[in-house]
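Trainee: Residue numbers (the numbering used here), protein chains in the order written: chain A, 1 to 326; chain G, 327 to 578.
Read the hints as simulated data drawn from the structure, not as lab findings.
Ideal placement from N, C-alpha and C gives every residue a C-beta, glycine not left out.
Just so you know, nobody snuck in bad clues.
Cβ pair distances, simulated, as ranges:
#, chain 1, residue 1, chain 2, residue 2, range
1, A, 179, G, 508, 51 to 57 Å
2, G, 533, A, 317, 40 to 46 Å
3, G, 524, A, 317, 36 to 42 Å
4, G, 402, A, 113, 24 to 30 Å
5, G, 382, A, 254, 37 to 43 Å
6, A, 284, G, 469, 39 to 45 Å
7, A, 254, G, 355, 56 to 62 Å
8, G, 533, A, 215, 31 to 37 Å
9, G, 436, A, 317, 33 to 39 Å
10, A, 294, G, 442, 44 to 50 Å
11, A, 284, G, 382, 56 to 62 Å
Some chain A residues well away from chain G (every beta-carbon gap over 10 Å; in silico):
#, residue
12, 9
13, 10
14, 13
15, 20
16, 29
17, 59
18, 84
19, 122
20, 133
21, 153
22, 154
23, 257
24, 295
25, 305
26, 306
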Amino acid sequence: MSPAAPPRRVLAWSVPVLAALIGLPFVVPPYQTVLLSYGLVLAIAALGFNLLLGYTGLLSFGHSAYFGVGAYAVAFIVKYMKLESMEAFLVGGILASGAVAAIFGLLCVRYTKIFFGILTMALSQVLWSLAFKFFWVTGGSDGLRVPTPTLLGGLVRAGNDKFEFLSHRYYFYVLAIFVVSVVIMWVIVHSPFGRALQAIRDNETRAEFVGVQVWHYRWVAFLISGMFTGLAGALWVPLNGLTTPDILHWTFSGKMVFFTVLGGFQTFFGPIVGAIIFNYLETYAVGHTVYWQMVLGIVLVVLVLALPAGIVGTLRRLLPRPARAV
Amino acid sequence: MSVDLLKTTQLTKSFGDTHAVDHVDFTVAAGEVLALIGSNGAGKTTLINLISGLIAPDSGRVDFQGSDITRASTHRKIGLGIARSFQLVNLFDQLSVQDNVTLAIFSREGRTRRLFSLADADTAVRDEGAVVLKQFGLDGRAGEPAGGLSQGERKLLDVAVAYALRPKLLFLDEPTSGVSTREKAPIMDIITQVVRSGGITAVIVEHDMDVVFTYCPRIVAMHQGTILADGTPEQIRSNEQVTANMLGTRTG
Numbered sequence: 001m002s003p004a005a006p007p008r009r010v011l012a013w014s015v016p017v018l019a020a021l022i023g024l025p026f027v028v029p030p031y032q033t034v035l036l037s038y039g040l041v042l043a044i045a046a047l048g049f050n051l052l053l054g055y056t057g058l059l060s061f062g063h064s065a066y067f068g069v070g071a072y073a074v075a076f077i078v079k080y081m082k083l084e085s086m087e088a089f090l091v092g093g094i095l096a097s098g099a100v101a102a103i104f105g106l107l108c109v110r111y112t113k114i115f116f117g118i119l120t121m122a123l124s125q126v127l128w129s130l131a132f133k134f135f136w137v138t139g140g141s142d143g144l145r146v147p148t149p150t151l152l153g154g155l156v157r158a159g160n161d162k163f164e165f166l167s168h169r170y171y172f173y174v175l176a177i178f179v180v181s182v183v184i185m186w187v188i189v190h191s192p193f194g195r196a197l198q199a200i201r202d203n204e205t206r207a208e209f210v211g212v213q214v215w216h217y218r219w220v221a222f223l224i225s226g227m228f229t230g231l232a233g234a235l236w237v238p239l240n241g242l243t244t245p246d247i248l249h250w251t252f253s254g255k256m257v258f259f260t261v262l263g264g265f266q267t268f269f270g271p272i273v274g275a276i277i278f279n280y281l282e283t284y285a286v287g288h289t290v291y292w293q294m295v296l297g298i299v300l301v302v303l304v305l306a307l308p309a310g311i312v313g314t315l316r317r318l319l320p321r322p323a324r325a326v
Numbered sequence: 327m328s329v330d331l332l333k334t335t336q337l338t339k340s341f342g343d344t345h346a347v348d349h350v351d352f353t354v355a356a357g358e359v360l361a362l363i364g365s366n367g368a369g370k371t372t373l374i375n376l377i378s379g380l381i382a383p384d385s386g387r388v389d390f391q392g393s394d395i396t397r398a399s400t401h402r403k404i405g406l407g408i409a410r411s412f413q414l415v416n417l418f419d420q421l422s423v424q425d426n427v428t429l430a431i432f433s434r435e436g437r438t439r440r441l442f443s444l445a446d447a448d449t450a451v452r453d454e455g456a457v458v459l460k461q462f463g464l465d466g467r468a469g470e471p472a473g474g475l476s477q478g479e480r481k482l483l484d485v486a487v488a489y490a491l492r493p494k495l496l497f498l499d500e501p502t503s504g505v506s507t508r509e510k511a512p513i514m515d516i517i518t519q520v521v522r523s524g525g526i527t528a529v530i531v532e533h534d535m536d537v538v539f540t541y542c543p544r545i546v547a548m549h550q551g552t553i554l555a556d557g558t559p560e561q562i563r564s565n566e567q568v569t570a571n572m573l574g575t576r577t578g
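Full structure from sequences and hints, please.
Mentor: Structure below.
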């Protein structure tokens, strides 16, 4: 089944969901909106990641690289250019992660399957070790601090209460960028280009024989994927207030793989749902037990065994599906 | 006398000690529908693979419309108008039947580079895809995933995807292999009719002699990597070398 869903059906439930997301900060405690902001940011990363996994058939184990480059680009902009505009951070994060993805992509897209995965992982580990060792530039394991930014070219400022800023103004900022990202990615995967990617995923040889230059398309997908993930990294830094080498480590790439599979990589919205749920799972497990990694592991094993198609994939199977318009 | 659409000169490919294609001179004139026959291992599929670009020849050359394309990329060959279908069906299984065909159309029109327009909103491509599916009798299955079709339908779709590229020269590698005898004639009826009405030059690789003699006015017989005979069905039937090597007991 094509992952496409008719737009009208998507709008039927996405508009109420969006309305709920907009209303949320007025109902729930501020801590919850900050937590959800983290989830939305990870969802943008997942969206980028899944362009490669779900649509192009390439499993990257090195997407921490682009998230991390996005985040460190912001920290460098603060450190060396003394800027505090969020828009500058976003542009910087996207451009930097795009540049790195363009170069890494050239090396990686000539391979597939496990070779692709290992190569992406190895390259991301190179960045991790650089961030770790070049402490006079990157702060080493202490990382780099990032102050609260100004939004919309200085129109919206943080004021004294940083938490209030993050739980309201910054939440809406993240939400707006999240929605724009979802719309752009939705259009990309439903474009003729997106079809070509899916064709490559299904049958590389035949794709070549209908005139699709496979490695070229894979590279563009890799580039877009890296830029989305880098955007997520840039949005994440102000929430965290600090960037450390952890986010460049391959285990963070593993998390991206996990929440994408958890949500269902064969669906468009699966990775988004997976990222948000994973974020809650992890946060609550960490907050309630010192054995949080074990708890998380067990929960995830059970979920994956019980729902091999992922959360959204399983829901789609259970819910009655209206006849598809042809 | 028209120029040959395709011409191979001393085309050669060996796999180890096996001469799969051995100094083959082979021509195809524009507009004809010809069959390439031969027993297993005769070199038919290898010859097609060499011309279409799946594998590179050891020596020799391939000319298409008078220009050398021996070392041209697959992409360039498709751009020039050489398309093929596959013996072992090669489809985009998770895409719908309709999307398999429209992808070929998008690609042919150079529109697969478009990132920011919706594929389904392109009505010209959709309509053309619908026409192609109707020609191949697959219009009833347009919305199904290609992976869910029967073997006979899959064989037809494989040809339809290649046909949607509107090639000048179309290679069909055993379009009826793997389907029941009963299904062969309907499939060949559809394919030959579509190909002829589209004015497409076609080379059909086939095992089944009955199919070949019925549908193809020119037959090229291969044996051990070389061309054994080239002529009309009557000439091929009465050729002693062919009967000895391929038709065997069936005509004896």
